[in-house]
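Number of protein chains: 2
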Amino acid sequence: MTLDVIKYAVRTMARWESDAEGRLIKAAISLYDKQGFQETTVAQIADAAGLTKRTFFRYFADKREVLFSGSHELQDRWIAGISAAAAAASPMEAVLAGLDAVADLFADRLPFAAVRSRIVAANPELQERELIKLQNLAAAIEAALHQRGVPDNAAALAAQAGIAVFHVGFGRWVSQRDPAAFRPLMADSLAELKSVVG
Amino acid sequence: MTLDVIKYAVRTMARWESDAEGRLIKAAISLYDKQGFQETTVAQIADAAGLTKRTFFRYFADKREVLFSGSHELQDRWIAGISAAAAAASPMEAVLAGLDAVADLFADRLPFAAVRSRIVAANPELQERELIKLQNLAAAIEAALHQRGVPDNAAALAAQAGIAVFHVGFGRWVSQRDPAAFRPLMADSLAELKSVVG
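Those protein sequence lines, which keep their order, are chains C and E. Per the numbering used here, residue 1 is the first one in the first sequence, and the count goes up by one each step. Per the numbering used here, residue 199 is the first one in the second sequence, and the count goes up by one each step.
Hints in this document: simulated from the structure, not taken from any laboratory. Don't be surprised by glycine CBs; every beta carbon is placed ideally from N, CA and C. It is possible that part of the hints are untrue.
To be verified - On the chain E side, residues computed to face chain C include the following (Cβ under 10 Å):
#, residue
1, L249
2, L324
3, E326
4, A352
5, A356
6, A357
7, G396
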């Protein structure tokens, strides 16, 4: 094989793989929503996606992780947004630059995000997992602020404030129907935090 | 037996029981700190406290819960403080009244809290548990604010702001030696949140 053929094979495989992952996520979400998270097995998910259990476990550690596969991308974008913020930006401005960088990720995911939120809200184990992922995100934001030279306490508080704005804004976004409302709802949430903290 | 004798027996038993709980907590903390949380068994804790495993399980579901036995008292005090706040208090003022009500709980617990923090920081499973307990506290604060008529988003954001102030202030308190610094450090943490959020 020439190098070009190998490159082509790798690209095609990558495309097929990402499609398999997408099909598994879609099948899982649909089954969790219809019959409940507890009641759904990995075998059922793989079957509904036309794949094997073995393929499922190449992408996800367990059936819970299917619901959190987007958290790495969310975190990567948020951190990249912080790093790209102007050197003169305040800690909170940097955090909000990260949140703004995240907005596009959700542009075409409102129907998915709404069903996912409903599934998580119905299950205490998933709610706990969601909180831990959010706090991992807060820790990553805090570390990114440290890297910009922000002192310990300011970094911790700006990170927590950013997560609170995101958490409340996101909850409102998934409970309405306009995908483009992401940024305005985050702005509302920030304004409310400012007003509350005084 | 006369009623007085029964009352005396109940009081004495209650005192003995609360002492058993205290001895178990003391023994557990000391063993976790010395030999590690993972390495310590319930049998070792009971033995070090001069009690049986059976007694241990009357107080704690597992060895992890020993470290979180204070979280109910913390939550009860915080919520009572919110309920007792003046009707005219803003959501954040009510949250801070709750935090102030919590301060006395920690007045004589700094050495314990410092060792406990060290144990939790050394173990990811305990860190997760700590985050979940904090978020349960946030949910309880949010519910208490709802009861005061605070709207959804303001209640959620004030609760998260209060938890962030507590979390950062508490981290500083356990890393220094003056028990009386609790309130001033919380005030510093609040001032920093205000400055960060702007």
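Hints, verified against the model:
no. : hint : in the structure
1   : L249 : 31 Å, violated
2   : L324 : 13 Å, violated
3   : E326 : 5 Å, holds
4   : A352 : 6 Å, holds
5   : A356 : 5 Å, holds
6   : A357 : 9 Å, holds
7   : G396 : 6 Å, holds
In this structure, the earlier hints numbered 1, 2 are contradicted, and the remaining ones agree with it.
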